[in-house]
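Novice: Which chain is which? The protein sequence lines are V and F, in order.
Using this note's numbering, you'd call the opening residue of the first sequence number 15 and step up by one each time.
Using this note's numbering, you'd call the opening residue of the second sequence number 6 and step up by one each time.
Any given hint could turn out to be false.
What follows is a set of in silico ranges between Cβ atoms, one per label pair, in the way DEER data are often shown [claimed, not checked]:
no., chain 1, residue 1, chain 2, residue 2, range
1, F, 25, V, 142, 55 to 63 Å
2, V, 95, F, 15, 21 to 29 Å
3, V, 28, F, 8, 47 to 55 Å
4, F, 130, V, 108, 30 to 38 Å
The set of hints was computed from the structure by calculation and includes no laboratory data.
Using N, Cα and C, we set each Cβ at its ideal position, and we do this for glycine too.
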Amino acid sequence: MKRWYMLTVVGADRPGIVARLSETLYHGGCNLGEASMARLGGNFSIMLMAQTDTDIEALRLLLAPLARELNLHVHLDRIEAQLHEHVEPNLRITVSGADRAGIVAEVTGALARAGFNILDLYSDVAGTAAKPIYVMIIDGFAPQGAEALEAALAPLRKTGVDLRLTPLDTLIG
Amino acid sequence: MAILEVLRYPDARLKQVSSAVVEFDERLHRFAADLEATMRASPGCVGLAAPQVNYFQRIALVDVSAKPKLPHNGRMLLINPVILEQHGAVVGREGCLSVPDFTGNVLRAERIVVRSHDLDGAPHEYRCQGYEARAVLHELDHLDGLLFLDRVESPRQDLFRRKNYK
Ligand SMILES: [Zn+2]
Numbered sequence: 015m016k017r018w019y020m021l022t023v024v025g026a027d028r029p030g031i032v033a034r035l036s037e038t039l040y041h042g043g044c045n046l047g048e049a050s051m052a053r054l055g056g057n058f059s060i061m062l063m064a065q066t067d068t069d070i071e072a073l074r075l076l077l078a079p080l081a082r083e084l085n086l087h088v089h090l091d092r093i094e095a096q097l098h099e100h101v102e103p104n105l106r107i108t109v110s111g112a113d114r115a116g117i118v119a120e121v122t123g124a125l126a127r128a129g130f131n132i133l134d135l136y137s138d139v140a141g142t143a144a145k146p147i148y149v150m151i152i153d154g155f156a157p158q159g160a161e162a163l164e165a166a167l168a169p170l171r172k173t174g175v176d177l178r179l180t181p182l183d184t185l186i187g
Numbered sequence: 006m007a008i009l010e011v012l013r014y015p016d017a018r019l020k021q022v023s024s025a026v027v028e029f030d031e032r033l034h035r036f037a038a039d040l041e042a043t044m045r046a047s048p049g050c051v052g053l054a055a056p057q058v059n060y061f062q063r064i065a066l067v068d069v070s071a072k073p074k075l076p077h078n079g080r081m082l083l084i085n086p087v088i089l090e091q092h093g094a095v096v097g098r099e100g101c102l103s104v105p106d107f108t109g110n111v112l113r114a115e116r117i118v119v120r121s122h123d124l125d126g127a128p129h130e131y132r133c134q135g136y137e138a139r140a141v142l143h144e145l146d147h148l149d150g151l152l153f154l155d156r157v158e159s160p161r162q163d164l165f166r167r168k169n170y171k
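Between the sequences and the hints, there should be enough to build the whole structure, so can you do that?
Specialist: Spelled out as structure tokens, the structure:
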């Protein structure tokens, strides 16, 4: 029986990791599902869904030589997963400001209390080392729409965080 | 009226370039009614182009009037449409009846002027902006065998663009 696993792979970045990883999985009889790769602070990171007949130990053995060779940390989780179950976001929230401790916790905390479901989050520290700025883009689903969230986020604006709410309406044509 | 079958990617027929309508006849009227019935049968769908239903003539239907608070021209049946002007550029999320369960960000003109013919061959000009302009451009791409997949950006493109500007 085919089972889904979530693979988390982290290591020092270098060209060719995705190719070697996907080649190893392919030759090992895995189907790949959804994946997301990011280079964070110069490190390679990827999370990807792989489907295979084998158990988790066999998958570990399959990946061990590559992990050793490229010095990658590989973490495996058996997951319940479905494809074709995307949820469409209806709101984008763009957050920016001078970087300081607690921005993410404050913003996401306020969003969670207002019932907002984060579907995609991307953040970066830009600016300069002396004056870092923080930028975060969150796409998600607000069950009560943008207006309900405005009230929840208003106190944060007073602390000097710039917040922009953009309704998303996916065009189907 | 009939609800027509929608072709789905990777059906190679979606890459076919459609040819201009030359006969504004009864058959065209019947097809336009079927195209509209097919679009209305899909909740939330704001446009449909003839090649999506296996009919390779330059005919597209756009109607964004059901969306709240948007400037629009109502129901637009666009026959042999031509873009006369395009201004601005804006990123928006798109999906397609021919590409189920995938959506992505696409850069499109913000305002356009489109010239087309109606069912009797009479010319019309429409000024469209925002969401409606996006819908027209998405449908016109279908007439040229293009899908939004051909134009989709990385979800992170917005931020990259901002960084490059500074
Ligand atoms: Zn389409």
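Novice: Take the hints in turn and mark each one as holding or not.
Specialist: Cross-check of the supplied hints:
One distance hint, 55 to 63 Å for the beta-carbon pair residue 25/F and residue 142/V, holds here, with the actual separation near 56 Å. At about 24 Å, the beta-carbon gap between residue 95/V and residue 15/F stays in the expected band of 21 to 29 Å. The beta-carbon spacing between residue 28/V and residue 8/F, approximately 53 Å, falls within the hinted interval of 47 to 55 Å. In this structure the hint that residue 130/F and residue 108/V lie 30 to 38 Å apart at CB holds, the actual value being about 36 Å.
In terms of the numbered hints stated before, the structure departs from none.
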